[in-house]
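Undergrad: Build out the structure end to end from the sequences listed, making use of the hints.
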Amino acid sequence: MAERNHARRFGAIWIVSTLIATPLVVVLLGPILPPGNGSEQASGHVTDNTVLMAMATPVLLLVVIYLIYSIIYFRQPQGAALEGPAVRGNARLQTTWIVITSALVLSLAVYGTVRLEEDGAGAGGGPSPLVVPSGPKLPVQVIAQQWAFTYRYPTYGGIETPHLVLPVNQMVELNITSLDVIHSFWAYQLGVKADANPNVDNIVYVKPTHLQTFEIRCAELCGIWHGAMFDHGHVVSASAFATWIQQEQSTFAAAHKVLPPYSKTYIPEPTRRGG
Amino acid sequence: MSTTTEAQTPETPSRPLWRRLIGFNLLSAVLLGVGGYYLGWFIGHQISGKSFEFQAKTDENDVALLLAYFFGVVGFLIGLGFANYPVSRLLGRPASLREKEDHGIGRYFGLCTDHKVVGIQYLVGIGVFFFVGGLNAMLIRTELLHPTPTAFGPNQYLSLVGMHGTMMMGMMTSGIMGPFANYFVPIMIGARRMAFPRLEALTFWLLMAAGFILVSTIFFGGFPTGWTGYEPLNDQAVMGMDSYICFFALVGLSMALLGLNMIATIVTMRAPGLTFSRLPIFVWSVLATAVLMVLAAPTLIAVLLMASLDRTINTSFFVVGGGGSPYLFENLFWFFGHPEVYVLALPGFGIVLELLPVFTRKPLWGYRLAVSGMLGVTLLSFFVWQHHLFVSGINADLRPFYMLSTEIISIPTGFIFLCVMGTLWKARSTFTVPMLFCMAWVFNFLIGGLSGVFLSDTPSDTDTHGSFFVMAHFHYTIMGGLIFTFFAAIYYWVPKMTGLRFNERLAKAHFWLMFVAFNSTFMPLFVLGMKGMPRRVSQYAPNLQGLNIWVSISAFVLGFSMLIFLYNTVYSLIFVRLRAESNPWRSKSLEWQVPTPVPVHNFEQIPVFDSDPYEYGTPLPVAGAEPAPAGA
Amino acid sequence: MTLFVKKLLGVGTAVAVLGVLIGLYVATWASSFPKSIAAVSTTTPAGPSTQLTLETVAAIGPKYSPTHPDWVSYLVQSHGKWVHSTIYTVPANSIVHVTLYEFDSQTGLRNPFLAQPEGTIGGTETVDGKVVGSINPEEASHTFAVPELGIFVPLPGISEQEEEKNACEFAPCEPSKAHRTITFSFRTGNKGRYHWQCFVPCAAGFLDGNGGPMQTLGYMDGFLDVV
Chain A
1 MAERNHARRF GAIWIVSTLI ATPLVVVLLG PILPPGNGSE QASGHVTDNT
51 VLMAMATPVL LLVVIYLIYS IIYFRQPQGA ALEGPAVRGN ARLQTTWIVI
101 TSALVLSLAV YGTVRLEEDG AGAGGGPSPL VVPSGPKLPV QVIAQQWAFT
151 YRYPTYGGIE TPHLVLPVNQ MVELNITSLD VIHSFWAYQL GVKADANPNV
201 DNIVYVKPTH LQTFEIRCAE LCGIWHGAMF DHGHVVSASA FATWIQQEQS
251 TFAAAHKVLP PYSKTYIPEP TRRGG
Chain B
1 MSTTTEAQTP ETPSRPLWRR LIGFNLLSAV LLGVGGYYLG WFIGHQISGK
51 SFEFQAKTDE NDVALLLAYF FGVVGFLIGL GFANYPVSRL LGRPASLREK
101 EDHGIGRYFG LCTDHKVVGI QYLVGIGVFF FVGGLNAMLI RTELLHPTPT
151 AFGPNQYLSL VGMHGTMMMG MMTSGIMGPF ANYFVPIMIG ARRMAFPRLE
201 ALTFWLLMAA GFILVSTIFF GGFPTGWTGY EPLNDQAVMG MDSYICFFAL
251 VGLSMALLGL NMIATIVTMR APGLTFSRLP IFVWSVLATA VLMVLAAPTL
301 IAVLLMASLD RTINTSFFVV GGGGSPYLFE NLFWFFGHPE VYVLALPGFG
351 IVLELLPVFT RKPLWGYRLA VSGMLGVTLL SFFVWQHHLF VSGINADLRP
401 FYMLSTEIIS IPTGFIFLCV MGTLWKARST FTVPMLFCMA WVFNFLIGGL
451 SGVFLSDTPS DTDTHGSFFV MAHFHYTIMG GLIFTFFAAI YYWVPKMTGL
501 RFNERLAKAH FWLMFVAFNS TFMPLFVLGM KGMPRRVSQY APNLQGLNIW
551 VSISAFVLGF SMLIFLYNTV YSLIFVRLRA ESNPWRSKSL EWQVPTPVPV
601 HNFEQIPVFD SDPYEYGTPL PVAGAEPAPA GA
Chain C
1 MTLFVKKLLG VGTAVAVLGV LIGLYVATWA SSFPKSIAAV STTTPAGPST
51 QLTLETVAAI GPKYSPTHPD WVSYLVQSHG KWVHSTIYTV PANSIVHVTL
101 YEFDSQTGLR NPFLAQPEGT IGGTETVDGK VVGSINPEEA SHTFAVPELG
151 IFVPLPGISE QEEEKNACEF APCEPSKAHR TITFSFRTGN KGRYHWQCFV
201 PCAAGFLDGN GGPMQTLGYM DGFLDVV
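Residue numbers (the working numbering), protein chains in the order written: chain A, 1 to 275; chain B, 1 to 632; chain C, 1 to 227.
None of these hints come from the bench; they were simulated from the model.
Computed from a predicted structure; not experimentally measured.
It is possible that some hints are incorrect.
What the hints assert, rightly or not - As a list, the in silico SDA-like pairs of lysine to any residue whose alpha-carbon atoms are at most 25 angstroms apart:
no.: 1; chain 1: B; residue 1: Lys508; chain 2: A; residue 2: Phe74
no.: 2; chain 1: C; residue 1: Lys63; chain 2: C; residue 2: Lys191
no.: 3; chain 1: B; residue 1: Lys508; chain 2: B; residue 2: Arg577
no.: 4; chain 1: C; residue 1: Lys81; chain 2: C; residue 2: Ser49
no.: 5; chain 1: A; residue 1: Lys257; chain 2: C; residue 2: Thr183
no.: 6; chain 1: B; residue 1: Lys508; chain 2: B; residue 2: Trp592
no.: 7; chain 1: B; residue 1: Lys508; chain 2: A; residue 2: Ile72
no.: 8; chain 1: C; residue 1: Lys191; chain 2: A; residue 2: His163
no.: 9; chain 1: C; residue 1: Lys130; chain 2: A; residue 2: Ala253
no.: 10; chain 1: B; residue 1: Lys426; chain 2: A; residue 2: Val16
no.: 11; chain 1: B; residue 1: Lys531; chain 2: A; residue 2: Val16
no.: 12; chain 1: B; residue 1: Lys426; chain 2: A; residue 2: Asn90
Unchecked claim - Not the full set, but computed from the structure, chain B residues with beta-carbon under 7 angstroms of chain A:
no.: 13; residue: Pro154
no.: 14; residue: Gly226
no.: 15; residue: Leu233
no.: 16; residue: Pro326
no.: 17; residue: Leu328
no.: 18; residue: Lys362
no.: 19; residue: Glu407
no.: 20; residue: Ser410
no.: 21; residue: Ser460
no.: 22; residue: Gly617
Here a beta-carbon is modelled for each residue, glycine too, at the ideal position from N, C-alpha and C.
TA: So this is what it looks like as structure tokens:
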């Protein structure tokens with residue numbers, strides 16, 4: 001077949017399939033993409049993932065359809081030993097490809113940066129995160145140890161509890177640290193993940209938007225019970241939260257007396273146990 | 001030191017068995033290795049048994065084990081004969097030429113400086129450890145059939161996971177460089193040998209010693225950190241961690257020396273007429289990979305040395321209580337770790353681009369673009385490593401930069417895809433087994449690469465870091481990329497290496513089963529990751545069990561496809577032994593123009609090059625010229 | 001022997017040897033689960049009752065563990081004898097009474113929050129006959145904790161003076177040696193396999209005290225099989 005026909009045919013197939021598939025991906029797949037809408041950050045992730053999928057779909061279709069097309073049409077006829085055309089390149093096509101891929105990739109990088117700097121995107125930002133949301137924030141400390149998470153509420157007397165409960169529609173500042181090895185606090189439905197490093201205060205901002213139960217898992221290998229290091233957190237109404245924290249204060253009063261004062265990091269001594 | 005006669009002429013009767021057993025060979029190497037091991041163990045106990053009380057108290061004598069491994073490896077290498085040349089030169093004597101034997105199967109089991117022998121040693125040696133790693137993977141998937149620990153204790157499961165990853169990463173980095181670059185690069189560039197033949201043999205035997213050391217971790221309690229060896233968990237671990245440290249240090253050394261050898265050979269030993277613009281694209285990929293190996297591997301050796309110092313003499317490089325930081329380990333490790341994964345990917349690019357012209361009967365499309373793609377990947381791979389640390393609490397200012405650099409590295413990777421597609425355009429493709437593996441590469445690496453774009457975007461990475469999504473991504477790029485091209489290279493080049501051909505039906509069965517099972521195993525892992533399953537766990541949310549069972553069964557089928565390959569190897573190469581033609585693929589590349597078996601010194605006369613090896617295809621009609629005769 | 005038969009024998013032998021090696025390899029990994037020991041179930045006038053009797057020792061000793069004789073460990077009593085296992089079977093939806101003899105010395109909790117018992121019936125534990133709502137975190141020797149069931153019980157150890165005078169060297173320990181007796185009860189719910197662990201960094205010589213026995217099944221970690 002003449003060159004134009006192949007190019008036109010393949011181009012047509014690709015464009016049509018892209019025009020069908022991309023909206024389908026956005027409309028059907030988008031809403032069910034994880035991690036769900038548990039918090040502002042999580043909803044942001046769903047948008048990001050949808051955008052990425054929408055940009056990946058044409059690329060995927062291009063290469064896969066081309067592969068199938070070439071397998072069907074560009075074969076050696078049975079028993080023949082023909083040679084293909086000795087074409088070594090096409091400067092225009094190469095330049096176009098370089099320009100388009102560079103533009104795509106750079107726009108993705110810009111988009112990612114903008115989304116990251118908007119609200120921190122639930123990614124652990126270290127002790128001095130770039131983006132600090134304005135307004136009141138509820139500080140909650142997540143202490144990771146081998147192999148459980150415990151939580152301290154500094155504005156409520158620094159009490160420590162083994163359960164994470166957060167009030168809805170309230171910006172929370174999670175301060176994540178570890179007592180021993182590297183762990184990672186992953187609150188799935190809230191779209192939050194931040195490594196817990198010893199002697200480091202890793203800060204994440206999250207604003208839960210629905211009442212829910214969310215899953216907390218450790219996402220960095222920390223020893224044999226890494227897989228068992230999971231928990232369930234709750235997002236409740238503000239009044240339920242106030243009641244709960246009062247209960248915790250009385251339940252754990254005995255422990256509270258022996259706790260060290262609240263601090264951003266803790267280095268329990270001694271480093272090596274003598275026996 | 002052996003000064004017996006080297007090459008045996010047909011008239012000389014072969015030496016008696018006992019005479020052949022004494023000397024510098026594998027047997028002596030093993031004996032000296034074991035002796036060295038016990039010597040090091042003894043010295044270690046003298047050092048730390050008495051003065052470092054904490055070591056004695058816990059019976060965790062890391063000093064002894066590390067010294068034992070060190071002396072064991074040294075003894076092993078001396079036994080093989082690696083010290084002969086330096087020592088004999090120091091003493092002013094002529095070096096033994098035993099290592100230059102040019103025939104006999106004994107060459108394959110010792111120090112041989114023929115690059116072709118080293119290539120085959122690598123192929124078999126790496127193959128064995130590949131199957132050990134694969135066996136570990138089957139055991140891992142057996143455990144994951146159930147959401148709570150069932151088959152293995154949690155320590156054993158973590159050790160299995162760590163051993164699988166470590167074995168594969170350590171061994172398969174040299175998966176194509178070792179067997180195929182060693183065998184074919186000198187031939188492709190018109191040289192009689194590599195620049196440093198003894199060094200070449202050393203890289204192989206270092207790798208074999210390392211593999212053995214890694215497997216010995218079973219006897220010391222395994223290691224709990226996975227292949228990344230993160231501190232401080234690394235420091236907490238029992239003695240089996242030292243096996244990991246020693247393994248990777250030896251692998252790093254082997255990588256650095258292999259890369260050095262490749263660069264020296266390609267840069268200095270090209271035949272007349274072979275300018276860089278005529279170099280086969282496979283040789284370009286080897287050069288790019290070698291640069292990465294030489295520059296990145298030393299960082300690994302350094303960070304492992306620091307980790308071993310922390311474990312033995314209580315330094316605090318990574319211990320927070322003593323002023324150190326785990327971030328140091330993460331950064332140093334990934335500074336090596338990221339170029340490492342491009343070491344895995346680049347040879348795959350080279351193989352696909354090298355094989356496609358042969359099977360499409362067209363020249364390589366976009367040669368310069370492909371080369372710049374490979375060199376671009378090499379350069380950029382040093383600037384992206386912190387994308388492994390996006391959520392770890394690094395300085396938040398850094399993240400946009402690394403997001404940008406990681407996104408940009410997909411541009412040169414895209415060049416490779418364009419060159420592949422250009423070569424396929426209007427081709428006359430025959431879908432032989434090597435070609436099938438190359439086509440599978442296109443699909444697999446595409447999926448792997450696209451998922452990498454998700455991971456490079458920090459907000460998206462927040463959900464997927466440390467989950468099975470990452471596992472799926474790197475299995476698609478490493479296994480779908482490197483291992484598929486590894487098999488492509490085997491099916492393509494074994495007829496030249498051995499003069500025998502594989503059974504076509506078994507080979508095709510292997511390919512199809514492997515391709516389908518591979519996708520069935522790893523595609524659902526993307527879903528598992530997005531549904532919240534972390535990596536390296538033997539306990540997961542019960543609602544994910546169905547998907548895990550599907551994945552495990554597919555993995556068993558994938559393992560079975562490897563058995564088909566093994567059966568084919570034994571059947572075709574041992575029993576049936578059908579002769580292959582001298583150039584079954586009608587390739588115009590130089591290695592197919594030499595006779596099979598390849599003569600000891602490769603060429604009667606050094607060839608002179610006047611073009612690249614891609615002179616395929618009917619030239620396009622030039623305006624004004626006579627029309628081509630019918631049927632041309 | 002024809003060449004074919006020789007090749008067949010060669011390949012066959014190689015396959016057999018490989019098979020044995022692979023079998024040994026897999027068996028080494030798979031034989032890592034300690035035995036599961038059932039708690040003692042009796043019927044009292046108040047209803048079915050389950051008793052689990054445990055002890056913790058400073059060093060397990062060469063009899064029970066030739067490879068790690070100086071590691072701290074838990075043991076469980078089964079049919080009157082002390083067994084070196086950390087996998088315990090208890091019935092679902094019932095009350096389990098635990099009696100624990102603590103023969104090890106004090107180390108101190110890494111996170112003092114765990115000095116208060118949680119998840120036990122009444123939120124308390126009994127130490128040497130006295131009911132306490134929390135212990136001194138410096139005195140903790142080990143913890144019996146089942147995080148998935150919300151159970152955390154700190155176990156105070158013997159003091160330095162007691163250790164000097166009358167410490168138990170290796171398991172099993174005689175009741176005449178210095179020890180604390182701790183009892184508590186908890187309720188089990190649904191069936192399942194839940195892990196339990198110690199939270200005190202009691203592994204001598206390891207970084208953070210959390211290596212070695214703290215990370216090995218059969219010493220300071222185990223499973224609670226609720227059936």
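Undergrad: If a hint holds in the structure, say so; if it does not, say that too.
TA: Quick rundown of the hints versus the structure:
1. Lys508(B) / Phe74(A): holds, 20 angstroms
2. Lys63(C) / Lys191(C): Violated - the C-alpha atoms of Lys191(C) and Lys63(C) are around 34 angstroms apart, more than 25 angstroms.
3. Lys508(B) / Arg577(B): With Cα atoms ~18 angstroms apart, Lys508(B) and Arg577(B) stay inside 25 angstroms; holds.
4. Lys81(C) / Ser49(C): holds, 20 angstroms
5. Lys257(A) / Thr183(C): The given pair, whose Cα atoms are some 23 angstroms apart, holds under the 25 angstroms limit.
6. Lys508(B) / Trp592(B): Since the Cα atoms of Lys508(B) and Trp592(B) sit roughly 23 angstroms apart, the hinted pair holds (cutoff 25 angstroms).
7. Lys508(B) / Ile72(A): Since the Cα atoms of Lys508(B) and Ile72(A) sit roughly 18 angstroms apart, the hinted pair holds (cutoff 25 angstroms).
8. Lys191(C) / His163(A): holds, 23 angstroms
9. Lys130(C) / Ala253(A): holds, 20 angstroms
10. Lys426(B) / Val16(A): Between Lys426(B) and Val16(A) the Cα gap is close to 22 angstroms, so the pair holds against 25 angstroms.
11. Lys531(B) / Val16(A): violated, 31 angstroms
12. Lys426(B) / Asn90(A): holds, 14 angstroms
13. Pro154: Nearest chain A Cβ about 4 angstroms off; hint holds.
14. Gly226: Given a least distance of 5 angstroms, the restraint on Gly226(B) holds.
15. Leu233: With a closest approach of 4 angstroms, the Leu233(B) hint holds.
16. Pro326: Pro326(B) check passes; min Cβ-Cβ to chain A is 6 angstroms, inside 7 angstroms.
17. Leu328: violated, 11 angstroms
18. Lys362: holds, 4 angstroms
19. Glu407: Holds. Min distance 4 angstroms.
20. Ser410: holds, 6 angstroms
21. Ser460: Holds, because the Cβ-Cβ distance from Ser460(B) to chain A comes to roughly 5 angstroms (cut-off 7 angstroms).
22. Gly617: Holds, because the Cβ-Cβ distance from Gly617(B) to chain A comes to roughly 3 angstroms (cut-off 7 angstroms).
In the structure shown, a violation is registered for the earlier hints numbered 2, 11 and 17, in ascending order.
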